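**Q** Assembly of the complex is requested from the two constituent chains, each provided in isolation within its own frame, with the hints serving as guidance.
So the sequence lines, in the order shown, correspond to chains A and B. Start counting at 1 in the first sequence, then tack on 22, and there's your number in this note's numbering. Start counting at 1 in the second sequence, then tack on 2, and there's your number in this note's numbering.
One or more hints might be untrue.
Said to hold, decoys possible - Each computed PhoX-like pair below joins lysine-lysine, with the alpha-carbon atoms no more than 20 Å apart: (1) A/119 x B/59; (2) A/119 x B/55; (3) A/119 x B/73; (4) B/57 x A/119; (5) A/74 x A/131.
To be verified - Covered by chain B, per the in silico footprint, the following chain A stretches (three or more residues, Cβ under 8 Å): (6) 62-76; (7) 119-131.
Just so you know, the hints here were simulated from the structure itself, not pulled from any lab data. Here the structure is a predicted model, which means the values were calculated and not measured. Ideal placement from N, C-alpha and C gives every residue a C-beta, glycine not left out.
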Amino acid sequence: GDSVTQMEGPVTLSEEAFLTINCTYTATGYPSLFWYVQYPGEGLQLLLKATKADDKGSNKGFEATYRKETTSFHLEKGSVQVSDSAVYFCAHSGGFKTIFGAGTRLFVKA
Amino acid sequence: DVKVTQSSRYLVKRTGEKVFLECVQDMDHENMFWYRQDPGLGLRLIYFSYDVKMKEKGDIPEGYSVSREKKERFSLILESASTNQTSMYLCASSPTGASYEQYFGPGTRLTVT
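Pulled out of the complex, with its shape left as it was, chain B reads as follows (with noise of 0.2 Å):
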């Protein structure tokens, strides 16, 4: 089975903080991606990655950078964290191929005060 881990469950930040969002696959993945996941708004792509060092902006990249230095690991940082970037945070990865299926972390639930 494909496993998508998160480094946190739960997380509280102070504004202003510099925040790192890990999250490790396992099953050799290509693409890798980052979601915010907020009530009547569906999940909406922060950013993702094709490749090792690779990244491509999202629909909502403002706020946050991602890094990619190993295939398995994609991080994603708020460098300056404020009260309106308080949300769920989904990971996901997928292989290339015929159908891009995602698999997802458990998300984690960020809460910034």
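The following block holds chain A by itself, in its conformation from the complex (with noise of 0.2 Å):
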């Protein structure tokens, strides 16, 4: 069936260090593609998205390029700060339903 496997946490980086999340999907046709980021306390919300082959979302520093060859859809950001301490979702969706993937929390040090 469709799922969205991304990698374990907690990641823990220092300010300034670049950020890697891997993200693989299975999925019939050809979905959407999302990470969603969740702040302490809050709901998710949506950080970049890409809906189809080759493309590039990107928001906030952050990128991810849909990679359909690979099925993966890895979360990268150049210098983190203190500020981006959350929880990211990988998620894909060909219709009503998204599929999520576990998240991965990321602490930040200063």
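**A** And the structure:
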């Protein structure tokens, strides 16, 4: 069945370090791909998306590229900040339902 | 900006009580969803609705029901609350369109004692 697998956390980085959170998916057809972020005590919010192969989504210094050949959508940021500490969810959707990964918690130390 | 609001941020109920969680969205979205979020399990879909009075079971509907009488409002009902329903409940909405991105409310943390 359809699924999303993302790297287990927590991930702990120092401020200004490079971030990669891996995400791979299985899906029928060609779904849209998403990264959502959840800050402490809040609901999820859309961070970025890509709707077709080779598209790059980007927002707030984060970016991810839709790789159909490897069924991946890895999240990257060149220089993380303390304020990026949150839980990050990879997801895909081909219609009404969205499939979410289990989430990766990121801690950024000053 | 899309706004999704949930009736309570924190709720404490007793075992056996009937519990109503309300969700309202203000962007005329066709689709609405209820999830529960538990540590280590991610988000699990309870029910969703793609139109007024329409509902579909998600992955874990047992012990829950829903109501959608108006387009902007989607209610989750716990018919007889149990301790294993202690969780964070998240409501979301999405337009029908190219990418189906979802917009989430702040969540309701429900504790059943």
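**Q** Indicate, hint by hint, whether the structure satisfies it.
**A** Here's how the hints hold up against the structure:
1. Taken as a hint, the residue 119 of chain A and residue 59 of chain B pair is honoured in the structure, with Cα atoms around 11 Å apart against an allowance of 20 Å.
2. Restraint check for residue 119 of chain A and residue 55 of chain B: satisfied, since their Cα atoms lie roughly 18 Å apart, inside the 20 Å limit.
3. Only pairs whose Cα atoms come within 20 Å are accepted, and residue 119 of chain A paired with residue 73 of chain B is accepted, the gap being roughly 18 Å.
4. Only pairs whose Cα atoms come within 20 Å are accepted, and residue 57 of chain B paired with residue 119 of chain A is accepted, the gap being roughly 13 Å.
5. Restraint check for residue 74 of chain A and residue 131 of chain A: not satisfied, since their Cα atoms lie roughly 35 Å apart, outside the 20 Å limit.
6. Interface restraint, the stretch 62-76 of chain A with chain B: holds (8 residues with C-beta to C-beta distance below 8 Å; minimum three).
7. Against chain B, the stretch 119-131 of chain A contributes 6 residues with a C-beta closer than 8 Å to a partner C-beta. That satisfies the three-residue criterion, and the hint holds.
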